[in-house]
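Asker: Sequence:
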Amino acid sequence: MEAPSPTEEQINTNDDLQITPKTPTQTLIGGAIQIQVAIYNATDSIVSAGRLRAQGSKRRTGETTVPEIRPDQEVEVVVTIPSSTTMTLIDLQDEIRYTFHSSYYIQKVPMLVFAGKLSGYNPHHEGVPHYNILLFGLAGAAKSSFVNSATTCLSETSKVVHCAAVGGSSSHVSQQLARFILPGVNVALWDTWGLTMDTYQDGIMSHILAGQLPSNWQMAMTYNAYKNELEQHQSTSASRVPHAVLFFIPHSALDVHDQTELIARNYRTVQHLTPLVLITKVDEVDSDIRDHPLRSSATTEAIRRRAADVLKISIQHVHLLVNYQSEHHKDFEIDRGIYAILEKVVGYAVRNYNQTSPRPSPVNSPSAQPKPAPKLRPTFHF
Numbered sequence: 001m002e003a004p005s006p007t008e009e010q011i012n013t014n015d016d017l018q019i020t021p022k023t024p025t026q027t028l029i030g031g032a033i034q035i036q037v038a039i040y041n042a043t044d045s046i047v048s049a050g051r052l053r054a055q056g057s058k059r060r061t062g063e064t065t066v067p068e069i070r071p072d073q074e075v076e077v078v079v080t081i082p083s084s085t086t087m088t089l090i091d092l093q094d095e096i097r098y099t100f101h102s103s104y105y106i107q108k109v110p111m112l113v114f115a116g117k118l119s120g121y122n123p124h125h126e127g128v129p130h131y132n133i134l135l136f137g138l139a140g141a142a143k144s145s146f147v148n149s150a151t152t153c154l155s156e157t158s159k160v161v162h163c164a165a166v167g168g169s170s171s172h173v174s175q176q177l178a179r180f181i182l183p184g185v186n187v188a189l190w191d192t193w194g195l196t197m198d199t200y201q202d203g204i205m206s207h208i209l210a211g212q213l214p215s216n217w218q219m220a221m222t223y224n225a226y227k228n229e230l231e232q233h234q235s236t237s238a239s240r241v242p243h244a245v246l247f248f249i250p251h252s253a254l255d256v257h258d259q260t261e262l263i264a265r266n267y268r269t270v271q272h273l274t275p276l277v278l279i280t281k282v283d284e285v286d287s288d289i290r291d292h293p294l295r296s297s298a299t300t301e302a303i304r305r306r307a308a309d310v311l312k313i314s315i316q317h318v319h320l321l322v323n324y325q326s327e328h329h330k331d332f333e334i335d336r337g338i339y340a341i342l343e344k345v346v347g348y349a350v351r352n353y354n355q356t357s358p359r360p361s362p363v364n365s366p367s368a369q370p371k372p373a374p375k376l377r378p379t380f381h382f
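Residues 1 to 382 (our numbering) are what the sequence shown spells out, left to right.
Because the hints were derived from the structure by calculation, they are not lab data. Predicted model only: the values in this text are computed from it and were never measured. Be aware that one or more of the hints could be misleading.
[To be verified] The calculated lysine-lysine pairs, modelled on BS3-like cross-linking and capped at a C-alpha distance of 27 angstroms, are:
| no. | residue 1 | residue 2 |
| --- | --- | --- |
| 1 | K227 | K22 |
| 2 | K22 | K58 |
| 3 | K117 | K22 |
[To be verified] Pair by pair, the computed Cβ-Cβ distance ranges are:
| no. | residue 1 | residue 2 | range |
| --- | --- | --- | --- |
| 4 | T80 | A302 | 40 to 46 angstroms |
| 5 | Q36 | R179 | 31 to 37 angstroms |
| 6 | H207 | K344 | 41 to 47 angstroms |
| 7 | G120 | Q355 | 18 to 24 angstroms |
| 8 | Q36 | H272 | 42 to 48 angstroms |
C-beta atoms are modelled at their ideal positions from N, C-alpha and C, and glycine is treated no differently.
Start from the sequences and build out the full structure, keeping to the hints where you can.
Answerer: Structural data, given as structure tokens:
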């Protein structure tokens, strides 16, 4: 990962002895943190050797020896903050504090540094390059916004990423099946058009679940109209089969009878994948959640219980989602909440995939190669 641009929150207390750490190497939550640190002597005097200390979450501290530094000289050292077996996601802090002699430096650290667990997942199958996560739920429930938030969380940039179009109303912003491969991990998010009384009436979800549809399949299309073209690519359907589902519900829909019936009926079509249910737009009734997405309140717990009752599932499968909205730069707390969701749903995907993993890929067998497809109407992205 590239070092982030300096911010006002990165404080160097001594201009004569400048401490400049690079972004730490990616690690697990609670894992050891290794940082390469440059120290520059801008004085006319020799700086004596000493100990550089780096303090991370839960006051874990690492130390290393810094040699003597001559005037106008820079040295580089590596310091390691030790691992902790008791560290949790909630314990993480967004800064590392460095001290060397009289110099003091605070480095802001992105949530991405602690996302090593996600980076380690791999389907290890030639025909399945990614774990596929299906985003399904009511129209206007912030599915596309989640794509942007998840991409931002795992991106090396310090700015909020916009790769999916978003709206904010109950109308259809997404009108096609769209695949978004998350940066740095073997995970693909499949965004879908919104669930309404009029959509998903033709059994199209069964084709999505079977991996039969390409990533640019339009909402208005029907399977039978393109059946011949689609059958040309059935040998690659395993690469598109969803391994887990995120099911999106705006909190306000839980108070509308017709909506709850629609939600419960369509939830059952994907229930075999144990969907993780995300309640969205909760900041409309609890503004504090934007500052602390993982902190519960009486209001948010009541909403979670209501969703669990509607779907007849355990409340443990119901989470609150806080997406990026008007922010321009990364926010550690929002990323923390997004990461919690990603870690859990990818865990579901790995479990489901291992239980139903496909047979070895037949791509090396000439007889198993897909037949040349006729010119498609339109060109599909398989």
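Asker: So, for every hint listed, does it hold in this structure?
Answerer: Results for each hint:
For the given pair, K227 sits about 53 angstroms from K22 by alpha-carbon distance, which is inconsistent with the 27 angstroms threshold. Distance hint between K22 and K58 is fulfilled; the C-alpha atoms sit about 21 angstroms from each other, no more than 27 angstroms. In summary, the hint linking K117 to K22 is supported, as the alpha carbons are separated by about 21 angstroms, within the 27 angstroms threshold. The beta-carbon spacing between T80 and A302, approximately 45 angstroms, falls within the hinted interval of 40 to 46 angstroms.
Roughly 36 angstroms separates the CB atoms of Q36 and R179, a value that falls within the hinted 31 to 37 angstroms. A beta carbon spacing of about 27 angstroms between H207 and K344 contradicts the range 41 to 47 angstroms that was offered as a hint. Checking the proposed 18 to 24 angstroms range against G120 and Q355 shows it holds: the Cβ atoms sit about 19 angstroms from each other. Under the hint 42 to 48 angstroms, the C-beta atoms of Q36 and H272, about 47 angstroms apart, fit the expected range.
Hint violations for this structure: numbers 1 and 6, all remaining hints satisfied.
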